[in-house]
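Novice: Same order as they appear, the protein sequences are chains S and Z.
Count along the first sequence starting at 1, add 39, and that's the number in the working numbering.
Count along the second sequence starting at 1, add 15, and that's the number in the working numbering.
Please keep in mind that the hints were generated in silico from the structure rather than gathered at the bench.
Accuracy of the hints is not assured; some may be wrong.
Claimed, not checked - Mimicking EDC-like on lysine to aspartate or glutamate, the simulated pairs with C-alpha atoms at most 16 angstroms apart in a straight line are: (1) Lys522(S) to Glu326(Z); (2) Lys172(S) to Glu276(Z); (3) Lys393(Z) to Glu73(S); (4) Lys256(S) to Glu235(S); (5) Lys340(S) to Glu307(S); (6) Lys89(S) to Glu58(Z); (7) Lys304(S) to Asp441(Z); (8) Lys89(S) to Glu276(Z); (9) Lys445(S) to Asp524(S); (10) Lys423(Z) to Glu541(S); (11) Lys377(Z) to Glu90(S); (12) Lys487(S) to Glu32(Z); (13) Lys348(Z) to Glu506(S); (14) Lys284(S) to Glu206(S); (15) Lys505(S) to Glu419(S); (16) Lys161(S) to Glu78(Z); (17) Lys377(Z) to Asp91(S); (18) Lys377(Z) to Glu96(S); (19) Lys413(S) to Asp441(Z); (20) Lys284(S) to Glu255(S); (21) Lys204(S) to Asp353(S); (22) Lys256(S) to Asp216(S); (23) Lys161(S) to Asp353(S); (24) Lys304(S) to Asp53(Z); (25) Lys414(S) to Glu307(S); (26) Lys81(Z) to Glu502(S); (27) Lys423(Z) to Asp441(Z); (28) Lys392(Z) to Glu79(S); (29) Lys461(S) to Asp117(S); (30) Lys81(Z) to Glu153(S); (31) Lys414(S) to Glu32(Z); (32) Lys64(S) to Glu378(Z); (33) Lys374(Z) to Glu307(S); (34) Lys444(S) to Glu540(S).
Being a predicted model, the structure only gives us computed values, none of them experimental.
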Amino acid sequence: MNKPDLTQQARWNVPLITEIRGTGKRCYIPRPFEAETETEVSIPEPLRRKEDPKLPEVSELELVRHVVRLSQMNYGVDLGPIPLGSCTMKYNPKINETIARFPEFALAHPWQPEETVQGTLKAMWLLEESLKKLTGFTGVSLQPAAGAHGELTGVLMIRAYHHSKNEEHRDEILIPDSAHGTNPASAAMAGFKVVEIPSNEEGRIDLEALEAALSEKTAGMMITNPNTLGIFETNILQINDMIHKAGGLIYLDGANFNGIMGVVKPAEMGFDVMHINLHKTFSTPHGGGGPGSGVVLVNQKLEPYLPVPRIRYDSNQDYYHLSYDYPETIGKIHGYYGNIGVIIRALAYIARMGGEGLRKACITAVVNANYLMKKVSAIEGLELPQDPSIPRKHEFVASSVPLEKKTGVNTLKIAKRLLDYKIHAPTIYFPLIVHEALMIEPTETESKETLDEIAEAFRRIIEEAKEQPEIFDSAPTTTASYKLDELSLAKHPVLTAKMAEELMKNP
Amino acid sequence: MKPYSPYLGVSSEELKEMLQTTIGIDNALELFSDIPDDLILKEAPKLPVGPMTEPEIAEFFTELAKLNKNPTELVSFLGGGVRQIYIPAFLDEVIRRGELYTAYTAYQPEVAQGMLQLLFEYQSLMAELTGMNVVNASMYDWSTAAGEAALMSVRLTGKKNIVIASPISLARRGVLHNYLEPQGIKIVEPYLEKNSPFIRYEELKKAIDENTAAVYLEMPNALGYIDPRAHEIGEITHEAGAKFVVGVDALSLGLLKPPAEYNADIVVGEGQAFGNAPNYGGPLLGIFAFNYDKKDIRRAPGKLIGMTQQEKTGEKGFTITLQAREQHIRRAKATSNICTNESLTAAISAIYLSALGPKGFKELSLGLHKRAQYLKKKLQELEMVQVMFPQAPFFADFSVRYGVSNHKEFIHTMIDRGFVPGYPWDYDPSLFVLGVSELHTRQHFDRFANTLKEVLA
């Protein structure tokens, strides 16, 4: 039996770096510029800074310790599993970090002429071609910097498509009630009205409700498939057919692409546009909240509207171009060409895996999810709100309703207690259609032993809920911090060190 | 022989056992049986790369990298907010701590205190630089931050025009369009003054009216110059009841007045150069700063990290706060769709700014300005080169004309001799915007001037 790990996470008392001031110490000293004759400052007095900003003054060692101690108070994939549903927190290969730092890639300025960055452009092109092969789409833009940014780009293209056909009245985007919050937010940013489509008992899109919602106002629908319950929309061909017949286009939220990668091509399901989160499916690190990359892929219908520039390969000259020559383009969505550092890492991952490796990664992720689902759903107190006989893809959603009814210990408390067991909490209370939801995605990079540990942690926690429910009042206790007072913070936000100082003076 | 992937957590043997003993099936593909048969690929797609072993990857990318000009052999005079920099060794070492960069967004704050504190420090330090008192935990880049600032101004004022008070790049203009046009927001662009890198003041005054939600001024602007009328532009903006949005190259703030001192309501900008490599344009660091107001803050986009107490001990602790504005709670009514931002680049910039300290920051900012001044002087000595707007103040970028008819050929010739001679301005490719970086030495500028003399002769 696996032993639970209840050891203490580091808990350093690290002062705010902003408190260390006025010491006269130096850390990074910029390279000076000395000319024979003193160069003047050409900036008129009224435009110049009068007072130095209050920055810290520390030695290099002090700063190194500051960050290393803080790092020990943080939890990442390198420390343990992060089974967050729809987040695909897989291992971030280290060779990718090394490659992205090659100075030829890292130091390139985005305004360098294309003849000086053929290597970067080739890497971008190779990633585009690989993603086309995996998805069946014909056009790509690497420009969006994150998943939600890709969604915005996608729905803006849908809008441009309808406008080009003089169908401005198509101003509604349909979105299932199980969708990620970014979907309705992105549709709204692109100027659309959002129409919510309920799910049926199976957790799939309700076809009757969909039929009733379709009209001459329908611009399109945003679908996550496999959906956020980890369930494949079996009727996807019919759904997409219905939307197309009504004149709408279909957007695939590719957050869950890890569940079908190399097994199903999204374009063949009838989708017109999708985004892929390279920081999920293609192993680039999440960075504690970013940077990501939300590459967008489209079929021929939407290709004219892709952001510019687009990469063109001239095989005669073996030369890569950035082309702006697309009159119907929606234009720019990012100041430059996207998060290229992330794109290089993703290409290194694809180079390691190859097509077959990626398919195997997907299948392994699905086996891991179903294995863990069997183990977790066998624990008394947890249940599967949807039919257990439906095979899940890369993730599954369990509910703690039975436990909550019996002991009062709910999903939030389970999640917090899991942290004590050195397992990052799953996504909780999402999708919104499941009560007390625990959305779990183990990914293919976790071992069977780790999956068993996760299941065992759940089992022990449920036992604790029945026997010593008082544990949950204070959990987590072995983490870098105890529970935080979020309520008073929301009432009186302290968002900078200066605000904190002012609060100290006038509480 | 297929290379075994070290990135998979279970072996084929283990997989088989898991399928048979726990899941109760023989073949993993049965888990895809609910997918229509004709959608299932019989075999994996063939990709243009891979599979490779790690040594092969290293070799493959080393070769690919060689197709780029080596930065030690190509001196690029390019700025515009993004800059080549030196990354201190200690910085790259600490930021490679897996606990930090392999972490998820800090929705479980009890295990994410490290990243949260770094982001709180970022917010605090960027507030010092801009003079504003709230900074969010980052946007994608300067352009998208400008788009979000315009949207926030519209929410705050209920008005629908954005007046652009500087020359801005075509790319920034394009991003603004995509953020604003779907909401029915109009972009109003007064003309440039003749022989000046600034907007015609009379026209600007006319453009700002009761329909104006925000006036957007860049300091420095896309041609590199700092508008001496910033204070007055802020005044006429506020007289009209509009928000004053200022875009900055954050490196300049060691030398230039913080925008809060000329009454900016929202400050946006680029912070990449604080410890992050330019990476051919991304990841970058979109700065978004504003002033605290109990109501206004609920209209702001992006994540905010707050400092509070641990319930049990009263010790300090950090968490994401005011989340009710965000997409995962407010969905279609959220203030923005942003979810994943640029947290790691923000954390890196906090560490870099801490390393610089007040003296280092000033030296860096001043050092860039001096380099640009020196370069300007060198180019003014050349007969063939026309340094534009010689009286207009600038920070580290300025504009020139080289007096050549074929710009593409000229650029190509200069690249062959080891220089990128600036960026051809979007609206007039005979105008080049030059930018300097910390990597540039006097020898670079002298050699550049000598090369120009030969090429233009």
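Novice: Evaluate each hint against the coordinates.
Specialist: Evaluated hints:
With a C-alpha separation of about 6 angstroms, the suggested pair Lys522(S) and Glu326(Z) falls inside the 16 angstroms cut-off, and the hint holds. Distance check on the hinted pair: Lys172(S) and Glu276(Z) sit about 53 angstroms apart at the alpha-carbon level, beyond 16 angstroms; violated. For the hint linking Lys393(Z) to Glu73(S), the alpha-carbon distance of about 14 angstroms falls within 16 angstroms, and the restraint holds. Distance check on the hinted pair: Lys256(S) and Glu235(S) sit about 14 angstroms apart at the alpha-carbon level, within 16 angstroms; holds.
Our distance criterion of 16 angstroms between C-alpha atoms is met by Lys340(S) and Glu307(S), whose separation comes to about 14 angstroms. For the hint pairing Lys89(S) with Glu58(Z), the CA-to-CA distance comes to about 67 angstroms; that exceeds 16 angstroms, so the pair is violated. Annotation: proposed proximity of Lys304(S) to Asp441(Z) is violated, straight-line Cα distance about 39 angstroms (limit 16 angstroms). Pair hint Lys89(S) plus Glu276(Z) holds up; C-alpha atoms about 10 angstroms apart against a cutoff of 16 angstroms.
With a C-alpha separation of about 28 angstroms, the suggested pair Lys445(S) and Asp524(S) falls outside the 16 angstroms cut-off, and the hint is violated. For the hint linking Lys423(Z) to Glu541(S), the alpha-carbon distance of about 56 angstroms lies beyond 16 angstroms, and the restraint is violated. Using a Cα cut-off of 16 angstroms, the hinted pair Lys377(Z) and Glu90(S) holds, with the two alpha carbons roughly 10 angstroms apart. Restraint check for Lys487(S) and Glu32(Z): the C-alpha separation of about 10 angstroms stays at or below 16 angstroms, so the hint holds.
Taking the CA atoms of Lys348(Z) and Glu506(S), the gap is near 43 angstroms; set against the 16 angstroms cutoff, the hint is violated. Between the alpha carbons of Lys284(S) and Glu206(S) the distance comes to roughly 15 angstroms, so the proposed pair stays at or under 16 angstroms and holds. Simply put, Lys505(S) and Glu419(S) have alpha-carbon atoms about 11 angstroms apart, close enough for the 16 angstroms limit, and the pair holds. Taking the CA atoms of Lys161(S) and Glu78(Z), the gap is about 11 angstroms. The hint holds against a cut of 16 angstroms.
Simply put, Lys377(Z) and Asp91(S) have alpha-carbon atoms about 8 angstroms apart, close enough for the 16 angstroms limit, and the pair holds. Among the hinted pairs, Lys377(Z) with Glu96(S) is consistent with the structure: their alpha-carbon atoms are about 13 angstroms apart, no more than 16 angstroms. For a cut-off of 16 angstroms, the pair hint linking Lys413(S) to Asp441(Z) is broken: about 59 angstroms separates their Cα positions. Taking the CA atoms of Lys284(S) and Glu255(S), the gap is near 10 angstroms; set against the 16 angstroms cutoff, the hint holds.
Proximity of Lys204(S) to Asp353(S) is assessed by CA-CA distance (about 32 angstroms); at most 16 angstroms being required, the pair is judged violated. The straight-line distance between the Cα atoms of Lys256(S) and Asp216(S) is roughly 19 angstroms, outside the 16 angstroms bound, and the hint therefore fails. Distance check on the hinted pair: Lys161(S) and Asp353(S) sit about 11 angstroms apart at the alpha-carbon level, within 16 angstroms; holds. The straight-line distance between the Cα atoms of Lys304(S) and Asp53(Z) is roughly 11 angstroms, inside the 16 angstroms bound, and the hint therefore holds.
With a CA separation close to 34 angstroms, the supplied pair Lys414(S) and Glu307(S) exceeds the 16 angstroms bound. Under the criterion of a C-alpha separation no larger than 16 angstroms, the hint pairing Lys81(Z) with Glu502(S) is inconsistent with the structure, at around 59 angstroms. Between Lys423(Z) and Asp441(Z), the direct Cα distance comes to roughly 14 angstroms. Compliance with the 16 angstroms bound is thereby established for this hinted pair. Between Lys392(Z) and Glu79(S), the direct Cα distance comes to roughly 11 angstroms. Compliance with the 16 angstroms bound is thereby established for this hinted pair.
Straight-line distance between C-alpha atoms of Lys461(S) and Asp117(S) comes to about 12 angstroms, which keeps the hinted pair within the 16 angstroms bound. For a cut-off of 16 angstroms, the pair hint linking Lys81(Z) to Glu153(S) stands: about 14 angstroms separates their Cα positions. Restraint check: the Cα-Cα separation between Lys414(S) and Glu32(Z) comes to about 14 angstroms, which is no more than 16 angstroms; the hinted pair holds. Of the supplied pair hints, the one linking Lys64(S) and Glu378(Z) holds, its CA atoms being roughly 15 angstroms apart against a limit of 16 angstroms.
Straight-line distance between C-alpha atoms of Lys374(Z) and Glu307(S) comes to about 59 angstroms, which puts the hinted pair past the 16 angstroms bound. Under the criterion of a C-alpha separation no larger than 16 angstroms, the hint pairing Lys444(S) with Glu540(S) is inconsistent with the structure, at around 45 angstroms.
When held up to the earlier numbered hints, the structure conflicts with 2, 6, 7, 9, 10, 13, 19, 21, 22, 25, 26, 33, 34 and fits the remainder.
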